[in-house]
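I would like the entire structure built from these sequences, with the hints used as guidance.
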Amino acid sequence: MTLLLAVISVILGTLLGLIPAFMRLSSKKVLKFIGSSYVEIIRGTPLLVQVLLIYSLIKMKVILFAGVDLSSFIPGMLALLINSSAYVSEVIRGGIISVDKGQKEAGLSLGLTEKTVMRKIILPQAIKNIVPALGNEFVTMIKETSIFMYLGIAELMYSALMIRSETYSVKETYIVVAVMYFLLTYPTSKWMSSIERRLKVSESK
Amino acid sequence: MNQNKTIEVKEVTKQFKDGTKALDNCSVLFECEKVTVIIGPSGSGKSTLLRTLNLLEIPSSGDILFEGISILNVKSDLRIHRELTGMVFQNFNLFPHLTVIDNINLAQMSVKNKTRIEATDTSQSLLSQVGLLHKQNNYPNQLSGGEKQRIAIVRALALNPKVMLFDEPTSALDPEMIKEVLNVMKSLAKSGMTMIVVTHEMDFARKFADQVIVMDKGQVIEQGYPETIFNHPSHPRTIQFLDSVLNK
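For the record, the sequence lines run as chains L and G.
When we follow my numbering, the leftmost residue of the first sequence carries the number 35, and every step to the right adds one.
When we follow my numbering, the leftmost residue of the second sequence carries the number -5, and every step to the right adds one.
Please note: incorrect hints may appear among the correct ones.
What follows is a set of in silico ranges between Cβ atoms, one per label pair, in the way DEER data are often shown [unchecked claim]:
1) L/E74 - G/S64: 39 to 45 Å
2) L/L65 - G/S64: 47 to 53 Å
3) L/L65 - G/S228: 24 to 30 Å
4) G/D197 - L/L65: 34 to 40 Å
5) G/N19 - L/L233: 45 to 51 Å
6) G/N(-2) - L/K66: 40 to 46 Å
7) G/E112 - L/P166: 46 to 52 Å
8) L/T79 - G/K156: 39 to 45 Å
9) L/D134 - G/K156: 25 to 31 Å
10) G/D18 - L/L49: 33 to 39 Å
11) G/N19 - L/T174: 52 to 58 Å
It is worth saying that the hints were derived from the structure and are not from the lab.
Each residue gets a CB set at the ideal place from its N, CA and C atoms; glycine is no exception.
So, in structure tokens, the structure goes:
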């Protein structure tokens, strides 16, 4: 459950994060303002508050699907998604602005459109900077899913709570939980650094 | 003079957001099929002038007539105009994620709608002209500065531009590599290409320029044949500048 939540929120969050990222990079002031406000508001409020707020805003009837209560899963997912989109958008924006300005100028001077410059010149270079940070975000997301226990979603932390109240072994439960989170995050970081290495190889080939 | 054979900069002012005026009511006439070299102290607006010519900088006021037609009025033609003006940068600006051949092919395929085969054909023949055909499958970071700059020149030439703009093309190079880049520029000059060159290579200016332009504080302070400018400069700032450059 924990992993599923993290995977969905990072993938969809990345897609959603593209929107504010490009808004902030736009030369139009209105778009820039909307993009920045979105990012700043979401980064400036705790995830827990966002989750509870969205949960209370979307009051759904209890729908059970494959053993999951969608009425808490969907708002929770939505909150996590919005949250990760804001962070991811900053990662994407950072990756794009880290590409040397001369690259864009060279592309434009060749008569390429802004769109082609972005797609064929800037983004391929930006991805090398984005992927490592995105991996970081993924690991963070795995850990932050623990917040869902407040909604009663059966993720890792929630399960821990159940076990704790049954067995009364507080320390042991939390140690096991910590180990389990680590078992999820460690392979993820390893996997991410292997992708990073492969990207580096493709450049210096 | 036939207006169809000139690029005319009319009273162009470029003021940046921070308030500095890089160009201050600057007017100048470039002749086609000639080599014009722009010299002047740093910060005099040489590069800005060059960059306005392919609209990497949009002038705050004034007009630029390319073969008699304003390039500022028609916004949609901006890209077509850039296609006609090749630009070579001080820092090469090759695309590091693409091989040499792809660097040269990209714009041909994207802008000129050539097929990969057609583009590669053009690229390869240009590469062999600058003696770098054997590097076609290398990545830019495997090349020396001189090789990079020669490829940057080829990349611009591949679009068959009417004008080539050079923004201090040899300033980032080691002395022994300057020569190989200058040689490419010299043969380009001989082929009758319209060239506008910002450079500190006074030797190149002296031998290959048809016209030398001296800039200071965002304005053209003197222009003429290289012999006149170098041997009998009239403006006190020109005298002072040449003195400091030539007698180091």
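> What are the numbers of the hints the structure violates, in ascending order?
Replying inline: 2, 3, 4, 7, 8, 10
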